[in-house]
Amino acid sequence: MLKNNKNNYGIVAILLHWISAITIFGLFGLGFWMVDLSYYSEWYKTAPSIHKSIGMILFFIVLFRLFWKTINIKPIPIGNKFEIKISKIVHFLLYLLMLTIFISGYLISTSDGRGIEIFNFITIPSLGEFIENQESVMGSIHKYSTYTLMVLVGLHSIAALKHHFVNKDNTLKRMIKTK
Amino acid sequence: MKKLLLATAILATSAFSVNAADYKVDYEGAHAAIQFKIQHLGYSWLTGRFNKFDGEFSYDPAKIEDSKINMTIDVGSVDSNHAERDKHLRSPDFLNAKKYPTATFVSTDIINQGDGEFDVVGDLTLNGVTKQVVIDAELVGEGKDPWGGYRAGFTGETTFALKDFDIQKELGAASTHVTLELNIEGIKK
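Residue numbers (this note's numbering), protein chains in the order written: chain A, 1 to 179; chain B, 180 to 368.
Since the hints were made in silico from the structure, they are not lab data.
Computed list of lysine-lysine pairs in DSS-like fashion (alpha-carbon distance at most 25 Å, straight line):
1. B/K348 to A/K45
2. A/K3 to A/K69
3. B/K216 to A/K45
4. B/K278 to A/K143
5. A/K173 to A/K88
6. A/K162 to A/K6
7. B/K277 to A/K143
8. B/K310 to B/K348
9. B/K278 to B/K216
10. B/K277 to B/K216
11. B/K348 to A/K143
12. A/K173 to A/K81
13. A/K173 to A/K74
14. B/K216 to B/K348
15. A/K74 to A/K6
Example chain B residues on the side facing chain A (calculated, C-beta under 10 Å, incomplete):
16. N260
17. H261
18. A262
19. E263
20. R264
21. K266
22. R269
23. S270
24. K348
25. E349
26. G351
Quick list of simulated restraints, FRET-style, between CB atoms:
27. B/D302 to A/H91: 55 to 65 Å
28. A/K74 to B/Q214: 53 to 63 Å
29. A/L66 to B/G307: 38 to 48 Å
30. A/F64 to B/Q214: 41 to 51 Å
None of these values were measured; they are calculated from a predicted model.
Note that CB positions come from ideal geometry on N, CA and C, so glycine has one too.
Given the sequences, and given the hints that come with them, work out the whole structure.
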């Protein structure tokens, strides 16, 4: 089953969810590590280049994910009214932060007119500089929205585990297996 | 006798007219630049500049020692023609631009070396550290401009260790020092 129905997620939504999750953890770790590399580290140039390439690819995946979301129905949420309300806010913020991080990351590297090369394959062109010292302003936005995202990811995971182990409901299971 | 008096009077006036005059650095018209260069790996020079700065000086060709200069630089305006590097240069690894947004240079002493060359001794404040540096300076030229003003221009440079200003980032043995190059044109106030 590719598409969602009213009780279950389709395989596409499940794959998109877990690809985003794993890639975000990877990018967070890589980004956190690479900013403190010494100038003479052999990773000094490759790590940021991998980070940017994967980041741009994930950007396009998430755009497709949002498109997929709009052409699918949303399975009926599980939980009480309060939980459903909170989960809606958290899901919205997760998407908003992801987009903020992609866009700010893109705007760091492209503010001098240089494009972003995806694995020496294609170059995403620059749109130029929109604000003064764009790279530094966007750098701060990129950093703090990432920290915020990771906190919300923690909350999102704890909530999933709570549903699974405390409420013993279908919330996590239906994000792992399609029916 | 009258002629002699007149000549003395003219001389005296002209002597006065070359007395120390105050100049404003022509930042508006961008006839001034503050650039830097540092070795990259020992293989080439990396250059960059500060796009925003201001300053003024007083200059008396007859008494160079009485001249003065002070400059203020917006360190966040650093521009090495590479956004990712500029972001890094503004970070606490280098210029710490958020904590110390301005760098200043205030001259304390000018030593005339003759032939239009002089040492400008002064206090450079950068990254929150104030240290004495000596700018090896030279008069490029002075005179009337075509638009009714009077200008004087200088070039100078000074080299210091990054560590002197508490910039601890390790860039390798060839890149421990940076050279600041100043090209300053002033318009007489």
